[in-house]
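**Q** Sequence:
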Amino acid sequence: MLKLDLQFFAQKKGVGSTKNGRDSIAKRLGPKRADGQQVTGGSILVRQRGTSIYPGENVGKGGDDTLFSKVDGVVRFERVGKKRKQVSVYANEAKEVQEA
1 MLKLDLQFFA QKKGVGSTKN GRDSIAKRLG PKRADGQQVT GGSILVRQRG TSIYPGENVG
61 KGGDDTLFSK VDGVVRFERV GKKRKQVSVY ANEAKEVQEA
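Everything in the sequence shown is counted per full-length UniProt numbering, starting at 1 for the first residue and increasing by one.
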């Protein structure tokens, strides 16, 4: 008697899954105004986590460390000492820029 030993293989290949493939959305941090740029009071100057840039003259710091302008004027990014950076807004320069 003839005995056949047949083995059937899967018609479709099994596909594994992955645990990758997702990413968090960007937080859009960083400077929002450039040095010498004209701003109005309340304008956001820098969005940051922690104080990498400190508030200077006429600049306030929000609860999430966002720096904003308190007055209308011109933005100036300055270095204080060797390590510290600050941003200031000078109201008197705004009038000079408009006249020139």
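Calculated from the structure, these hints are not laboratory results. For every residue, glycine included, the Cβ atom is placed at its ideal position computed from N, Cα and C. Just so you know, not all the hints are guaranteed correct.
[Stated by the list, open to error] Per label pair, the in silico range of CB-to-CB distance: (1) 18 to 82: 22 to 30 Å; (2) 29 to 84: 14 to 22 Å; (3) 18 to 71: 37 to 45 Å.
[As the list claims (entries may be wrong)] Result set (DSS-like, lysine-lysine): computed pairs, CA atoms no more than 25 Å apart in a straight line: (4) 27 to 82; (5) 32 to 61; (6) 85 to 32; (7) 32 to 3; (8) 13 to 61; (9) 27 to 61; (10) 61 to 82; (11) 27 to 12; (12) 3 to 70; (13) 70 to 12; (14) 61 to 85; (15) 83 to 61.
**Q** Hint by hint, note whether the structure agrees.
**A** Outcome of the hint check:
Under the hint 22 to 30 Å, the C-beta atoms of residue 18 and residue 82, about 47 Å apart, miss the expected range. Checked against the given bound of 14 to 22 Å, the beta carbons of residue 29 and residue 84, roughly 19 Å apart, stay inside it. Distance hint check for residue 18 and residue 71: the Cβ-Cβ separation is about 53 Å, which falls outside the suggested range of 37 to 45 Å. For the proposed pair residue 27 and residue 82, the alpha carbon gap of about 29 Å is over 25 Å, so the pair is violated.
The suggested pairing of residue 32 with residue 61 holds, with an alpha-carbon distance near 14 Å, which does not exceed 25 Å. Among the hinted pairs, residue 85 with residue 32 is consistent with the structure: their alpha-carbon atoms are about 16 Å apart, no more than 25 Å. Restraint check: the Cα-Cα separation between residue 32 and residue 3 comes to about 81 Å, which exceeds 25 Å; the hinted pair is violated. This hinted pair does not check out: residue 13 and residue 61 have alpha carbons roughly 58 Å apart, beyond 25 Å.
Using a Cα cut-off of 25 Å, the hinted pair residue 27 and residue 61 holds, with the two alpha carbons roughly 18 Å apart. Note on residue 61 and residue 82: the hinted pairing holds, with a Cα-Cα distance of about 22 Å set against a maximum of 25 Å. Restraint check: the Cα-Cα separation between residue 27 and residue 12 comes to about 43 Å, which exceeds 25 Å; the hinted pair is violated. Only pairs whose Cα atoms come within 25 Å are accepted, and residue 3 paired with residue 70 is rejected, the gap being roughly 93 Å.
Proximity of residue 70 to residue 12 is assessed by CA-CA distance (about 67 Å); at most 25 Å being required, the pair is judged violated. Taking the CA atoms of residue 61 and residue 85, the gap is near 14 Å; set against the 25 Å cutoff, the hint holds. Distance hint between residue 83 and residue 61 is fulfilled; the C-alpha atoms sit about 19 Å from each other, no more than 25 Å.
In terms of the numbered hints stated before, the structure departs from hints 1, 3, 4, 7, 8, 11, 12, 13, listed from lowest to highest.
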